[in-house]
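Protein chains in written order, with our numbering: chain A, 1 to 456; chain B, 1 to 456.
Worth double-checking, as some hints may not be accurate.
Since copy identity is lost for identical chains, a pair holds within one copy or between any two.
[As the list claims (entries may be wrong)] Subject to a maximum C-alpha distance of 27 Å in a straight line, what follows is the list of computed DSSO-like cross-link-like pairs (lysine-lysine): (1) Lys368 - Lys183; (2) Lys408 - Lys78; (3) Lys307 - Lys23; (4) Lys258 - Lys446; (5) Lys403 - Lys224.
Simulated from the structure, these hints should not be mistaken for lab results.
Number of protein chains: 2
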Amino acid sequence: MPKIPYKIYLTEDEIPQSWYNLKAVMKELPPPFINPGTLKPCTAEELSRVFCSGLVNQELNTTDKDIEIPEEIRAFYKMYRPSPLVRAYCLEKQLDTPAEIYYKFEGTNTSGSHKLNSAAAQVYYAKKQGLTSLTTETGAGQWGTALAMACAYYDLPLSVYMVKISSEQKPYRKAVIETYGGKVIPSPSNTTEVGRKILAENPGTGGSLGCAISEAIETAVKTKNCRYVLGSVLDHVLLHQSVIGEEMKTACEKYDIKPDIIIGCAGGGSNFGGLIAPFMGDKINGKNNIRFIAVEPASCPSLTRGKYAFDFGDTGQTTPLMKMYTLGSGFMPSPNHAGGLRYHGMSRIVSKLYADGYLEARSVEQSKVFAAATMFARCEGTLPAPESSHALKAAIDEALKCKESGEKKTIVFGLTGTGYFDMSAYMSYNDQSMTDYIPTDEDLAKGFATLPQAES
Amino acid sequence: MPKIPYKIYLTEDEIPQSWYNLKAVMKELPPPFINPGTLKPCTAEELSRVFCSGLVNQELNTTDKDIEIPEEIRAFYKMYRPSPLVRAYCLEKQLDTPAEIYYKFEGTNTSGSHKLNSAAAQVYYAKKQGLTSLTTETGAGQWGTALAMACAYYDLPLSVYMVKISSEQKPYRKAVIETYGGKVIPSPSNTTEVGRKILAENPGTGGSLGCAISEAIETAVKTKNCRYVLGSVLDHVLLHQSVIGEEMKTACEKYDIKPDIIIGCAGGGSNFGGLIAPFMGDKINGKNNIRFIAVEPASCPSLTRGKYAFDFGDTGQTTPLMKMYTLGSGFMPSPNHAGGLRYHGMSRIVSKLYADGYLEARSVEQSKVFAAATMFARCEGTLPAPESSHALKAAIDEALKCKESGEKKTIVFGLTGTGYFDMSAYMSYNDQSMTDYIPTDEDLAKGFATLPQAES
Chain A
1 MPKIPYKIYL TEDEIPQSWY NLKAVMKELP PPFINPGTLK PCTAEELSRV
51 FCSGLVNQEL NTTDKDIEIP EEIRAFYKMY RPSPLVRAYC LEKQLDTPAE
101 IYYKFEGTNT SGSHKLNSAA AQVYYAKKQG LTSLTTETGA GQWGTALAMA
151 CAYYDLPLSV YMVKISSEQK PYRKAVIETY GGKVIPSPSN TTEVGRKILA
201 ENPGTGGSLG CAISEAIETA VKTKNCRYVL GSVLDHVLLH QSVIGEEMKT
251 ACEKYDIKPD IIIGCAGGGS NFGGLIAPFM GDKINGKNNI RFIAVEPASC
301 PSLTRGKYAF DFGDTGQTTP LMKMYTLGSG FMPSPNHAGG LRYHGMSRIV
351 SKLYADGYLE ARSVEQSKVF AAATMFARCE GTLPAPESSH ALKAAIDEAL
401 KCKESGEKKT IVFGLTGTGY FDMSAYMSYN DQSMTDYIPT DEDLAKGFAT
451 LPQAES
Chain B
1 MPKIPYKIYL TEDEIPQSWY NLKAVMKELP PPFINPGTLK PCTAEELSRV
51 FCSGLVNQEL NTTDKDIEIP EEIRAFYKMY RPSPLVRAYC LEKQLDTPAE
101 IYYKFEGTNT SGSHKLNSAA AQVYYAKKQG LTSLTTETGA GQWGTALAMA
151 CAYYDLPLSV YMVKISSEQK PYRKAVIETY GGKVIPSPSN TTEVGRKILA
201 ENPGTGGSLG CAISEAIETA VKTKNCRYVL GSVLDHVLLH QSVIGEEMKT
251 ACEKYDIKPD IIIGCAGGGS NFGGLIAPFM GDKINGKNNI RFIAVEPASC
301 PSLTRGKYAF DFGDTGQTTP LMKMYTLGSG FMPSPNHAGG LRYHGMSRIV
351 SKLYADGYLE ARSVEQSKVF AAATMFARCE GTLPAPESSH ALKAAIDEAL
401 KCKESGEKKT IVFGLTGTGY FDMSAYMSYN DQSMTDYIPT DEDLAKGFAT
451 LPQAES
């Protein structure tokens, strides 16, 4: 068995040949999408009006565990994958823990996160279908950047509806998207009916993710050969992100690393679902007893304080209904929340696994997340994304428990990306102006009131 | 011979054991530093008042070709090295050239550039000497970031004099330095005599690199157990950067890659000198016939339009005199120059090699540099630093010459870093407000007038 280096790089021949479809191994499946008009399960045809057909096929596939990654996508992956599995020697030393800590680092590409794994796939299927343009929305900008990179590679025009206040506060994210040729439209805009309506009603609004989604969908539906693409939550996005878990599994087997705990941050759930996929599959089949921990912000606690209910995917309540852990589509985390992971709901797959007891969830406050991030940056070198630092914080907590108990556990977490475009959040942490926000039960009740059914 | 992958990663055991000291193989050495007061060569003792003694020893070493990299620095290097040697398959396809194009990519660490290679070494020697703090200056911020990362790792306090206008225009760079625990002092400041004097004379000044250097040196000299460290130009910095060339040589030999042309950008010359070091050593010894091309901005053309003369290293004219290609220490590129590489002079080693005909130099205008950078980002994925894109532009030009001639040359260039903190420059390129600046002969004459001797 080779000595474990700081960074484990697989060779490009070891990039996975297939994605791992968790639904094919789950004992029970998540309930299907429901058409809110007919209250019947959505058909592939209905979904194909909005999404690429290749992606709809993946979204509905519950039978094939291994879904081949087309050669063209593998060629794209070779530009920035395999991503390293890093042994956090310096963090272990800093914590003085007997635990072994590893992180799978997805931040080595310009989008700065794992989002590129699904962008590369989604644009490929769009191109294959003969589409001539795509739309999407972006808040913080990671997904918009990743999609712009993929669209540049495949030469497909892209319109990104970027939350207006975000496009103003993050002009550099906007500039990256534009450098890759993406068209950035601050939302709400006058390019759509819904945008014009909102502008008329709220002339000075800074916009919202819900509004940006609605504009992107409207444009996709009304434009010939155009579709809408989404960077998280959906099953096909989790499928694409399983390339993370598959690579990690190969590396673990190659170096005889046996994780006791795997930790990921969870907003919409695509990174977490992809990170754990093959390990969770083995757990379902009784082949391991790994603890899986999803970590979310205390300010947006869908798993830890949400309801498992049918809900809309967007604030505008235009999408099919999904059964998921949700805070209600009307829930908005406090504006002082700087750490990402702001989505009101959670992947159907992650939700179902959580409901069935296959994984744990916890929430952390952002000041503790940034404290962990700063400590990590100083000892391990890399400045992590706020999102990723949720998982980091939980990994540190678990490693400190090992220090107390003397146990030599193997802890692996997903470091989804870098924080290079999140420096305003770091600044507020550095100058101690950052505050925490934990919604009260009353705050949550307002969100739950927007659920389509009066579940309680 | 193995097939050449997109990214060649050496193993951590292949990180070089020693740096390559070009001066030990040069047929003629650069003239020594001259004390401007006595007009005699500087002694080690004189230099040690400002610089760490370990670094002074390296600065003056002209006999040992291989200088061992201490184990502790190698441990630091393992956190982010070996850096990949990337085959630019997608760029080759985009250009439709028979040439093979490779780039050695130094942007995979948070400082975003090669600067960390020397920061890691310099802070190690400072710590070993028992120093208790360091000072430096930073303009664009790459060096300040790299040094802050190294100081965090070695737990050594750091004060960074950051050009005031730069600290205001690049608050995020400042925030990164502060996240790593570095103290950022906008310069001119009231913490030094020279700063107070400049502030009194120019109350509203935005500062300059020359002023920041003077403040950093003053603080280092006046503070107990404190020294000043510098991120380029000096021979020991080139020595540390030879880790780039040594790694590249190992990778080339492993995959039987035989460069015909090696291209690097050149500001102070440390990246270029480090990139070419072992290959240039072989050329001097008649073992290869590689063409070496240093690429500089047309707005700051020290090699292509400067004089080979003794000059000060700083605008304040406080350093020893070095014989180098220089535009005069009073030369300042136009403020519209956004592409880095703004230093008025050039490494003594690179200057001497150029004077003796071992390398070529050319200059490029920044709009062409950003056009090349944007094309590269879109096809290769990575968004390059403006500095690095000077080398990229020349590599593209050479590849297009191969397309015309049908020659299958092997072109290697140094991609020194990423442009994630340079988005304001990309924005001015994207919105076509970027202009080019080529100094007139009259502009250059003003700079030459600041040379200490009236050479012509």
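So, going through the hints one by one against the coordinates:
no.: 1; hint: Lys368 - Lys183; verdict: between (36 Å within a copy, 22 Å between copies)
no.: 2; hint: Lys408 - Lys78; verdict: between (35 Å within a copy, 24 Å between copies)
no.: 3; hint: Lys307 - Lys23; verdict: within (22 Å within a copy, 70 Å between copies)
no.: 4; hint: Lys258 - Lys446; verdict: neither (44 Å within a copy, 67 Å between copies)
no.: 5; hint: Lys403 - Lys224; verdict: neither (59 Å within a copy, 39 Å between copies)
Violation of the numbered hints given earlier is confined to hints 4 and 5; the remaining hints are satisfied by the structure.
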